[in-house]
Amino acid sequence: SQELEQSPQSLIVQEGKNLTINCTSSKTLYGLYWYKQKYGEGLIFLMMLQKGGEEKSHEKITAKLDEKKQQSSLHITASQPSHAGIYLCGAPSSGTYKYIFGTGTRLKVLA
Amino acid sequence: EADIYQTPRYLVIGTGKKITLECSQTMGHDKMYWYQQDPGMELHLIHYSYGVNSTEKGDLSSESTVSRIRTEHFPLTLESARPSHTSQYLCASSTNRGSYEQYFGPGTRLTVT
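Note that the protein sequences, when read in sequence, are chains A and B.
Under the working numbering, the letters of the first sequence match residues 1 to 111, in that order.
Under the working numbering, the letters of the second sequence match residues 1 to 113, in that order.
Looking at chain A on its own, in the form it has when it is part of the complex (with noise of 0.2 Å):
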């Protein structure tokens, strides 16, 4: 079965200082997903990559896909205490209607 893996698990920087944050694959992508998720509350869907080699931008954060559609990165330029939370990236698992997450990476970003 696919599965997504994060790195790294945790991560605090201070603000003003760039990040980022890994999603590795098993298996070939068919479009890869980021969320983010504050404390307690549900996921927020962030950005949608489906292409290999597409990268997109909304504020601070760039996500990228590689050429091979296994991996991708997320990355925040300049953080600030309101990027902190848990970084999910999600993709639908290939040929169900199953939808699988990585593991998550916990974010804080001291003032």
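Hints in this document: simulated from the structure, not taken from any laboratory.
Don't take each hint at face value.
As the list claims (entries may be wrong) - Here are some of the chain B residues that sit facing chain A, going by a computed Cβ distance under 8 Å: (1) Asp-3; (2) Tyr-5; (3) Tyr-33; (4) Glu-42; (5) Ser-99; (6) Tyr-100; (7) Tyr-103; (8) Phe-104; (9) Gly-105; (10) Pro-106; (11) Arg-109; (12) Leu-110.
All C-beta atoms in this analysis are idealised placements derived from N, C-alpha and C, irrespective of residue type, glycine included.
Let chain A serve as the given structure and place chain B on it in line with the hints.
Relative to chain A, chain B alone:
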């Protein structure tokens, strides 16, 4: 902004009680999902539905059941709650058309004493 609702937000209940967690969406999405989330962040799929009267169990074994009688409503029921059911339960929905992003409700934090 997605419109998906879960009630209650928080529930503390004694062992052996029957409970139903409600989930509704107003977007007309065909697919709906229930996830259980550990404090360690991982989401585990426990049930999903790809339309009315179509439900399937997910990857995580669960003693809960679901129903999908109406497109907008996907309740989850625990016949006899146990302390091992203590967790965060998240409901989500997505469309059938092209993109597969999921829209999540705020979650129900369940504590079984």
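Status of the hints after comparison with the structure:
no.	hint	in the structure
1	Asp-3	12 Å, violated
2	Tyr-5	10 Å, violated
3	Tyr-33	6 Å, holds
4	Glu-42	6 Å, holds
5	Ser-99	6 Å, holds
6	Tyr-100	5 Å, holds
7	Tyr-103	7 Å, holds
8	Phe-104	3 Å, holds
9	Gly-105	5 Å, holds
10	Pro-106	5 Å, holds
11	Arg-109	7 Å, holds
12	Leu-110	13 Å, violated
Hint violations for this structure: numbers 1, 2 and 12, all remaining hints satisfied.
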